[in-house]
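**Q** First residue of the sequence shown? That's 722 in this note's numbering, and the numbers climb one at a time after it.
Any given hint could be a false lead.
[Claimed, not checked] Label pairs and their calculated CB-CB ranges:
id, residue 1, residue 2, range
1, VAL877, ILE774, 31 to 39 Å
2, ARG784, ASP883, 32 to 40 Å
3, LEU871, ASP793, 35 to 43 Å
4, LEU867, GLY744, 35 to 43 Å
5, GLY744, TRP866, 42 to 50 Å
Since the hints were derived computationally from the structure, they do not count as laboratory data.
Just so you know, even glycine gets a beta-carbon here, dropped at the ideal spot from N, CA and C.
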Amino acid sequence: MNGVQSSPEKPGVVVICGPTASGKTAVCQQLAGHFSLEVVSADSRQIYRHMDIGTAKPTASERACVRHHLVDIVDPDEDFTVAHFVESGRRIVADILSRGKLPVIAGGTGLYIQGLTAGLADVPGPDPDFRQRMHRLAANHDEGWLHRQLQQVDPVLAEKTD
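Let the sequences and hints guide you as you build the complete structure.
**A** Printed below as a string of structure tokens:
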């Protein structure tokens with residue numbers, strides 16, 4: 722993990738990855754019976770408040786037994802990118818390690834896990850002005866117009882998108 726060293730004296734980071742409702746939280750609860758740990762959620766939906774259905778968020782009782790980070794931290798209308806996740810996650814992992822506990826990254830959002838454990842590619846962030854321009858163009862043309870424009874500029878990328 723970038724910026725976090727592990728050694729026999731200092732534990733590293735455990736990653737538990739899998740799809741929604743595959744038992745990751747149960748594994749964390751079992752591990753908590755053997756290790757002093759805290760969970761860093763790597764789920765792109767569990768970060769949102771009020772989005773409890775379909776996200777398999779840890780229950781209040783599960784969170785009372787094992788501390789979970791990055792759950793219910795932003796409202797659905799707030800921007801929260803993978804870069805925000807990585808920045809928050811790194812800070813939290815460092816804090817957990819500094820307190821002598823084991824950080825367990827648990828979730829199913831591969832990009833979040835990849836970013837936290839291996840770093841992110843250096844790509845530009847969201848561009849709200851560009852997005853607005855594209856929305857205006859889409860509103861003034863037929864449904865497939867933007868995709869046809871993309872095909873002219875980058876046929877390989879256009880093939881990968883719908």
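**Q** If a hint holds in the structure, say so; if it does not, say that too.
**A** Verification of the supplied hints:
1. VAL877 x ILE774: 31 to 39 Å: holds, 37 Å
2. ARG784 x ASP883: 32 to 40 Å: holds, 37 Å
3. LEU871 x ASP793: 35 to 43 Å: The hinted range 35 to 43 Å holds for LEU871 and ASP793, with Cβ atoms some 36 Å apart.
4. LEU867 x GLY744: 35 to 43 Å: Since the Cβ atoms of LEU867 and GLY744 sit about 41 Å apart, the hinted range of 35 to 43 Å holds.
5. GLY744 x TRP866: 42 to 50 Å: Holds: the Cβ-Cβ distance is about 45 Å, inside 42 to 50 Å.
Violated hints: none; the structure is consistent with every hint.
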